[in-house]
Amino acid sequence: MTMEHTDAVPGPSTKSSLYALSPHVKKRNAKEARFKAIGIGAILIGLVFLVILVTQIVGNGASAFQQTRIDVELTVSQEEFDSAEKSSLKTSKYRGILENALLVTIQENGIETPFTKGKDIRPLISSGAGNTLRQHLLTHPDQIGEPFKFNVLTNGTVDGYLKGRVSRESIANDKSINEAHLELVDTLKDSGVLRKGFNMGFITGNDTSDLRPEQSGFGQSMLGSLAMMIVVLLVCLPISVGASIYLEEFAPKNKITDFIEVNISNLAAVPSIVFGILALAAFIQFGGGTLGFSALRNSAPLVGGLALSLMTLPTIIIATRASLKAVPGTIREAALGLGASRMQAVFHHILPLAMPGILTGTIIGLAAALGETAPLLMIGMVAFVQMDLDSVSGFFSDPNVGMPAQIYIWATRADGAWYERAWGGIIILLVFLLTMNIIAIILRRRFERRW
Amino acid sequence: MYDVPNTERDTTVNDIKISANKVQVYYGEKQAIKDVDCEIQDKTVTAFIGPSGCGKSTFLRCLNRMNDTISVCRVEGSINLDGEDIYDKRVDPVQLRAKVGMVFQKPNPFPKSIYDNVAYGPRIHGLFKTKAELDDIVEKALRRGALWEEVKDRLGDPATGMSGGQQQRLCIARAVATEPEVLLMDEPCSALDPIATAQVEELIDELRSNYSVVIVTHSMQQAARVSQKTAFFHLGNLVEFDDTSKIFTNPEDPRTESYITGRIG
Ligand SMILES: Nc1ncnc2c1ncn2[C@@H]1O[C@H](COP(=O)(O)OP(=O)(O)O)[C@@H](O)[C@H]1O
Ligand SMILES: [Mg+2]
Numbered sequence: 001m002t003m004e005h006t007d008a009v010p011g012p013s014t015k016s017s018l019y020a021l022s023p024h025v026k027k028r029n030a031k032e033a034r035f036k037a038i039g040i041g042a043i044l045i046g047l048v049f050l051v052i053l054v055t056q057i058v059g060n061g062a063s064a065f066q067q068t069r070i071d072v073e074l075t076v077s078q079e080e081f082d083s084a085e086k087s088s089l090k091t092s093k094y095r096g097i098l099e100n101a102l103l104v105t106i107q108e109n110g111i112e113t114p115f116t117k118g119k120d121i122r123p124l125i126s127s128g129a130g131n132t133l134r135q136h137l138l139t140h141p142d143q144i145g146e147p148f149k150f151n152v153l154t155n156g157t158v159d160g161y162l163k164g165r166v167s168r169e170s171i172a173n174d175k176s177i178n179e180a181h182l183e184l185v186d187t188l189k190d191s192g193v194l195r196k197g198f199n200m201g202f203i204t205g206n207d208t209s210d211l212r213p214e215q216s217g218f219g220q221s222m223l224g225s226l227a228m229m230i231v232v233l234l235v236c237l238p239i240s241v242g243a244s245i246y247l248e249e250f251a252p253k254n255k256i257t258d259f260i261e262v263n264i265s266n267l268a269a270v271p272s273i274v275f276g277i278l279a280l281a282a283f284i285q286f287g288g289g290t291l292g293f294s295a296l297r298n299s300a301p302l303v304g305g306l307a308l309s310l311m312t313l314p315t316i317i318i319a320t321r322a323s324l325k326a327v328p329g330t331i332r333e334a335a336l337g338l339g340a341s342r343m344q345a346v347f348h349h350i351l352p353l354a355m356p357g358i359l360t361g362t363i364i365g366l367a368a369a370l371g372e373t374a375p376l377l378m379i380g381m382v383a384f385v386q387m388d389l390d391s392v393s394g395f396f397s398d399p400n401v402g403m404p405a406q407i408y409i410w411a412t413r414a415d416g417a418w419y420e421r422a423w424g425g426i427i428i429l430l431v432f433l434l435t436m437n438i439i440a441i442i443l444r445r446r447f448e449r450r451w
Numbered sequence: 001m002y003d004v005p006n007t008e009r010d011t012t013v014n015d016i017k018i019s020a021n022k023v024q025v026y027y028g029e030k031q032a033i034k035d036v037d038c039e040i041q042d043k044t045v046t047a048f049i050g051p052s053g054c055g056k057s058t059f060l061r062c063l064n065r066m067n068d069t070i071s072v073c074r075v076e077g078s079i080n081l082d083g084e085d086i087y088d089k090r091v092d093p094v095q096l097r098a099k100v101g102m103v104f105q106k107p108n109p110f111p112k113s114i115y116d117n118v119a120y121g122p123r124i125h126g127l128f129k130t131k132a133e134l135d136d137i138v139e140k141a142l143r144r145g146a147l148w149e150e151v152k153d154r155l156g157d158p159a160t161g162m163s164g165g166q167q168q169r170l171c172i173a174r175a176v177a178t179e180p181e182v183l184l185m186d187e188p189c190s191a192l193d194p195i196a197t198a199q200v201e202e203l204i205d206e207l208r209s210n211y212s213v214v215i216v217t218h219s220m221q222q223a224a225r226v227s228q229k230t231a232f233f234h235l236g237n238l239v240e241f242d243d244t245s246k247i248f249t250n251p252e253d254p255r256t257e258s259y260i261t262g263r264i265g
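Chains as they are written, first to last, in the working numbering: chain A, 1 to 451; chain B, 1 to 265.
So here's chain A without its partners, still in its complex pose:
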């Protein structure tokens, strides 16, 4: 001690009131206020974008869940059925039957119309309606010769007219349909023969050719995505849990494991298209071609799932290792101190505690894979594939597309009806992603750290 104890400790030189803010405190408060304002501003901007996004998506896509249909009363006699079945143009025969029946329905409803032949009102109904009628009669042969009510899809243009997408001006150059048709549509709508209803076909249906947007559905691509997600889950979860447990709990810390660790992080940053070309080379060209596994072919969800697995694996491994690391070492010590083996410590204590984190990471990885398109480009899964959903022979091996790919395909097609459907597809995709994220959140909440 160099200072004498008797020396008085110097007190504050000036007395200041607690009520008066010092300049230093004022400056600090101003800084804080500015920072808060910037933060709130950032959040507001984010919210504005979110609102724009949601209104855009809902505004453009909601109408895809509605479709215009016409109720037609008709009777198909046995002779008509037989002659249509003998014809080489079966569907157009059935279409003719429908057109005639529709004309009769129109006249019976007392609606004035300049059209006198069934052929004249062809633009009103979907070009696929003939086939639909045929399929209906083939599955319900008892209705041949009996009068029954048939609900026919209208043509995409008519549907677009009711949804405001098509106007009298916009069809001026369209040779297939004219104003008289649209007038008839208006009167049919007023009389209730023609109306918009919920479009189940959009959720359950398959993709169709360019000309029949009204018949197309998102169901096929949902199946494709489901198949791929199953593959991703089955491939990624066991591999990543196994790899993570080994790296986290058993592997010696040396150059080799360091190298592996660095490369897992690097893999997570590799652009997804690279995994696509890798899948093309490894699975389709080598596995399917050289080794001859027939399920490993272009556009097969199995290959798509494997490509997405390559992409998702590093993400899930990183999430899994983080959750294993988050389990406190004291739990490990407690188990080992009681004479548990490392395996027992891992499987009895550490893994169960890490499981919610692992599942959350897995679901988020799956969600990322679900929305991914680029790797699928390389393996032919972004192409027009029409699947017969009534007879799917190879859930994993039949050529199919995934949801984002389907959206992309539709968005590239010319007719405005496809554009609407692309947005509708986005709504369904987002519903899936939202559901997955909610499940992840619930899991996290439910199993909040219990130590």
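Hints listed in this document are in silico derivations from the structure and should not be mistaken for laboratory results.
Don't take every hint at face value.
Per label pair, the in silico range of CB-to-CB distance [said to hold, decoys possible]: (1) B/G164 - A/F35: 49 to 59 Å; (2) B/G156 - A/I239: 29 to 39 Å; (3) A/A295 - B/D88: 29 to 39 Å; (4) B/D136 - A/L291: 35 to 45 Å; (5) A/V54 - B/K152: 39 to 49 Å; (6) A/E249 - B/S190: 23 to 33 Å.
Beta carbons are placed, not taken as given, at the ideal position from N, Cα and C, and that holds for glycine.
Use these hints to put chain B with the ligands onto chain A, whose structure you have.
For chain B with the ligands alone, coordinates are given in the frame of chain A:
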């Protein structure tokens, strides 16, 4: 003193449970324990004292090979349990740890029920045949841990909901349930309040009748209260090892004296 009759020695000295010879411990290049020789008796509480970082925990963790879990840690010399070298190649550390139980500084119950915590050891070691037997083991262990009366009506409750003192006694009961021969405790009371500490100390005294207990403590009063033998560590060396009463009243080494009088540490 070879001429002391056996009968007389038996009344004061118990059998040697653990004997360590020329133990060196390294963390990588750094030596944490230097040349430690030490004999730990059965049915005795041995306290390890010394300033922070002197290697008490390190040496304690050698006794049940918990140091094996630290990859950079290397142990040389020999440590015998009942005359068998625990670092022998044939020894499985898992089997050793069933015999030499451990209680840690921070209470670390599993996030499971009280019952499952105590039953875990017997389960993995297959110490019972029927559920009734297991119930018995759990009850006995909880009684030994002086916890039975407090928890007997809520064995299914999560162990993490108990107070710190209860958790630590549960950890002791859990260690006891595997029927170890030696119980190692690393500052078992440092996270506890004085009342819980008193309860645990009382418990340690009771455990002495069945086990050899080794306790690391930074509290000299605690060492004086619970132990019969005390080892003073300093900078990785075992400076002095003797009867507790001798260490605290008449230490031989000046470093021991400085420490217990509060001049180092
Ligand atoms: N896991 C470890 N890795 C590296 N050094 C360690 C490790 N654990 C302890 N040490 C070192 O070993 C020495 C002894 O530590 P420890 O046994 O914990 O001391 P004490 O328990 O007496 O306070 C200290 O210098 C400490 O830094
Ligand atoms: Mg310590």
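Supplied distance hint 39 to 49 Å, evaluated on CB atoms of A/V54 and B/K152: This hint is violated: roughly 57 Å between Cβ atoms.
CB-CB spacing for B/D88 and A/A295 relative to the 29 to 39 Å hint: violated, 54 Å
Range agreement (Cβ of A/L291 with Cβ of B/D136, hint 35 to 45 Å): Roughly 60 Å apart at Cβ, these two residues miss the hinted range, so it is violated.
CB-CB spacing for B/S190 and A/E249 relative to the 23 to 33 Å hint: Given about 28 Å between the Cβ atoms, the range holds.
Verdict for B/G156, A/I239 (Cβ pair) under range 29 to 39 Å: Holds - the Cβ-Cβ distance for B/G156 and A/I239, about 37 Å, lies within 29 to 39 Å.
Outcome of range test on Cβ distance (B/G164, A/F35; 49 to 59 Å): Distance hint for B/G164, A/F35 is violated at roughly 39 Å.
Comparing the model with each earlier hint shows violations of hints 1, 3, 4, 5; every other hint is respected.
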